[in-house]
Amino acid sequence: MNLLFIQNDGAEAVVVEAAEAPVVENAVEVAETVTEEVVDEGVLPEQPEPTFMQQYGMWFLILGMIVIMYFFMWRPESKRRKQMQQFRDGLKKGDKIITAGGIYGVIKEVHETSLLIEVDSNVTLRIDKNMVVGDPSQGVMQK
3 MNLLFIQNDG AEAVVVEAAE APVVENAVEV AETVTEEVVD EGVLPEQPEP
53 TFMQQYGMWF LILGMIVIMY FFMWRPESKR RKQMQQFRDG LKKGDKIITA
103 GGIYGVIKEV HETSLLIEVD SNVTLRIDKN MVVGDPSQGV MQK
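Okay, so the sequence shown: first residue is 3 according to our numbering, each after it adds one.
No wet-lab data here; the hints were simulated from the structure.
Hints should not be assumed to be uniformly reliable.
To be verified - Below, computed lysine-lysine pairings styled on DSS-like, alpha-carbon distance capped at 27 Å: (1) K131 with K84; (2) K98 with K84; (3) K81 with K98; (4) K98 with K131; (5) K81 with K94; (6) K98 with K110; (7) K95 with K110; (8) K131 with K81; (9) K131 with K95; (10) K94 with K131; (11) K94 with K110; (12) K110 with K84.
Put together the whole structure using the sequences plus the hints.
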């Protein structure tokens with residue numbers, strides 16, 4: 003088999019060099035085999051069907067992350083919120099409390115949404131019930 007190297011200068015082509023191609027055994031057979039597969043079928047060989055986990059593995063991963071978030075974040079937070087709400091609903095006159103601003107006081111009056119607390123002798127404050135974060139005498143503190 004001969005190889006021709008052609009140089010194209012504008013309008014005419016000139017043969018620059020002719021060389022003998024090295025002989026490689028089975029090269030023609032391999033080339034014909036590859037060419038026949040691609041040309042005869044017109045497409046690449048089919049890929050195997052993906053397995054169940056390849057198809058749905060990402061969905062299982064996302065679902066698992068949501069379940070983990072529920073058990074480690076949302077559920078404990080809802081328990082703390084319910085416990086704090088029960089504590090606030092059970093407040094009565096004479097209870098010692100701490101507000102969200104860090105003010106210690108004793109409850110003088112309890113209203114539906116607010117409290118009247120005494121912080122010092124003859125010093126009273128009206129605060130919202132939701133601002134009570136703990137009771138230092140019972141050890142109940144919002145985290």
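Taking the hints in turn, this is what the structure says about them:
no., hint, result
1, K131 with K84, "14 Å, holds"
2, K98 with K84, "20 Å, holds"
3, K81 with K98, "23 Å, holds"
4, K98 with K131, "13 Å, holds"
5, K81 with K94, "23 Å, holds"
6, K98 with K110, "10 Å, holds"
7, K95 with K110, "5 Å, holds"
8, K131 with K81, "19 Å, holds"
9, K131 with K95, "13 Å, holds"
10, K94 with K131, "11 Å, holds"
11, K94 with K110, "8 Å, holds"
12, K110 with K84, "25 Å, holds"
In summary, this structure violates none of the numbered hints.
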